[in-house]
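Chemist: All chains, please: the whole structure from these sequences, using the hints.
Sequence lines, in order, name chains A and B.
Numbering follows the numbering used here, in which position 360 of the first sequence is assigned residue number 360; successive positions increment by one, without gaps.
Each number in the numbering used here corresponds to the 1-based position in the second sequence with 568 added.
If you're looking for bench data, these hints aren't it; they were derived computationally from the structure.
Heads up, simulated DSBU-like pairs for lysine-lysine below, C-alpha to C-alpha not over 35 Å straight-line: (1) A:K297 with A:K194; (2) A:K297 with B:K634; (3) B:K630 with A:K142; (4) B:K630 with A:K310; (5) A:K43 with A:K132; (6) A:K66 with B:K634; (7) A:K135 with B:K634; (8) A:K142 with B:K629; (9) A:K132 with B:K630; (10) B:K698 with B:K658; (11) A:K221 with B:K629; (12) B:K630 with A:K204; (13) A:K364 with A:K533; (14) A:K194 with B:K634; (15) B:K630 with A:K221; (16) A:K460 with A:K504; (17) A:K142 with B:K730; (18) A:K132 with B:K629; (19) A:K310 with B:K634; (20) B:K629 with A:K557.
Far from chain A by the CB rule (all over 12 Å, computed), these chain B residues: (21) S574; (22) R619; (23) I642; (24) K658; (25) D707.
Remember, it's a predicted structure, so these values are computed and weren't measured experimentally.
Just so it is clear, CB atoms sit at the ideal spot from N, CA and C, and this is done for glycine as well.
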Amino acid sequence: MELTGAEIAIKCLQEEEVEYVFGYPGGAVLFIYDALFNQDKVKHVLVRHEQAAVHAADGYSRSTDKVGVALVTSGPGVTNAVTGIATAYMDSIPLVVISGQVPTSYIGEDAFQEVDAVGITRPCVKHNFLVKDAKDIASTMKKAFYLAKSGRPGPVLVDIPKDVSNQKVEYSYPSSVNIRSYNPEMHGDVAQIKRAAHLLIEAKRPMIYAGGGVVLADASKQLADLVRLLGMPCTNTLMGLGGYPATDKQFVGMLGMHGTYEANMGMQNCDVLLAVGARFDDRVIGNVAHFGSVPRKIIHIDIDPASISKRVQVDVPIVGDVGNVLGDLLAVLHSSKQKPDADALAAWWKQIDEWRARNSLKYKNSSEIIKPQYVIEKLYEITHGEAFVTSDVGQHQMFAAQYYKFDQPRRWINSGGLGTMGFGLPAAMGVQLAHPGAPVACVTGEGSIQMNIQELSTCKQFRLPIKVISLNNRYLGMVRQWQEFFHGNRYSESYMDALPDFVKLAEAYGHVGIRVDNPSDVEGALREAFARKDELVFMDFRTDPTENVFPMVPGGKGLSEVILAEDL
Amino acid sequence: MRHIISLLMENEAGALSRVAGLFSARGYNIESLTVAPTEDVTLSRMTIVTRGSDAIIEQIKKQLNKLIEVVAVIDLTDGNHLERELMLVKLRAQGEAREELKRMADIFRGRIIDVSDKTYTIELTGTGSKLDSFLNAIDRNLILETVRTGSSGIGRGDRILKL
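Modeler: Dropping the structure here:
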């Protein structure tokens, strides 16, 4: 069957059972949009800015286990998409981004809307392709989906010149894909898994530290089985929240810069650390030398060999799919006659409970002014912990991570690695489309929301009843906090002056806006918002501008060098 | 420490920029890099000379392996290997120096591959340090131009990097 390159590209999306494409048309992708128009299997969501297209595809992917797809035009279409691509890359989210390119004969001539898409995205994609002949589109698309989803997932860009999308060739979709240079290790080494089991059984002060890899590998069940079998404490990274149920008694909270006291002290003082799908990020373990000053054995399970011993030398590296390795580890532990040292564990739990008793997340509520933590606690209560929560970046993100207790994976959607302000609202669009009818909250701030606020228009067009929870403290809160702590209270450019009236703004876009000034109105406003099942409700909570996020491990410090609210 | 890393990669447009980009993005050092297709035209062979601690070299190898188009990576420095570099050097060869330069070229087993009434162009192959020694052995003022390829390396005996 002879088809144009554009028709082939769309056929490939159909073959991959793509439900939604998030995109924005332009000159170089006109043929592709024409092919989209002529079918109804793949639905297109028209965003208002290409960055949002990629974030929406990303949110869609994070909340499901599917590959997110975005479609943008050449030049500014691609450059606008770069922030979204880099966001997905840092958090290992599987995306296929199709970009238009100027016709092949124009490439390199500084043509209208020409940019070297492959060059400009190269450092922030898992892989990318420039397709120079329509006969290569099908095999390239097949590879793109395979690369995006397999191994350590990530975004893949496919750049298609305009003439290629209009070139007619014979079409057939490959049934399999083989890339000789790419064979991710799926199963961990048996001997290493046995060594790991032995170390865990012998441990006196063990700690299990699980990251986004557990969520991406859909391995929460295996993780929970392991944690329960061993009776050990478990912490999650920001990316891993929901990977282990937050309400479980063996969960010691999130770790890292704004992690709980017990999680960070447990990390610092454990004698055996099992890291699962986590990468010892600087925001997670702080100062490497300080972390390394306490001797401990480290077991690290990760699909990406390059993540192992990158920042911290590990003793037992296990490369493989997290779910498979945890399954194998469980099997070894089940068949082992030796059991963990119950007395040592009891003593360790006693120590952890002492740290826990510091209650590092306590805050002083107020009847005068809304505390951001209180809003999140109420959000948790009202949604019974079952909402999908996206966030932007800053204090509100940390409050959401600390006070919303995620019991399930893929419910907490945030930009952890790149820290992209403007992520929350478009990500929520992808989540809402993937889960129609489910409660979706976008926790944001008055700074972040303005970075992609135009998407309120997309939400109207596609009737996405997202609940926007803006913790409006009139400051770039996290910047302000650092300026207070480390820059002598000099609030350089962190005050958000000339804010719009967000209620009117929401209304202008055709949504419902609610402004909340008093703590006593918080719960009512949230209840009303979630009761409006078919409407987007923008809640402008006027929160305490001086509130800080605690605990805090200052940048460059060690995990035990933490500042607690009570210290100040 | 100095390491010579050899790799095989798909002979495709852009593959070189992925490797070069990786080194600059992650702040690794490249002393030299050579690349050309192999007898199997679908593959290119690259030799990279770099420096770093053991941990950094380990990361470099892992990061190179992670590039989708990289088929195989070895650190030649891990075992016995041979290393050669080609240099073309154009020298001012007039008067007394003309005879002296010919002798030096002979001592270093170089070949004079181009002659004009004022210049010699000498081709010299060897390890980087041999080429350095040649340049140090002659009067700096006589050197008009040098071109060096950077090191190529190969394992000794049965050490083979092939698909």
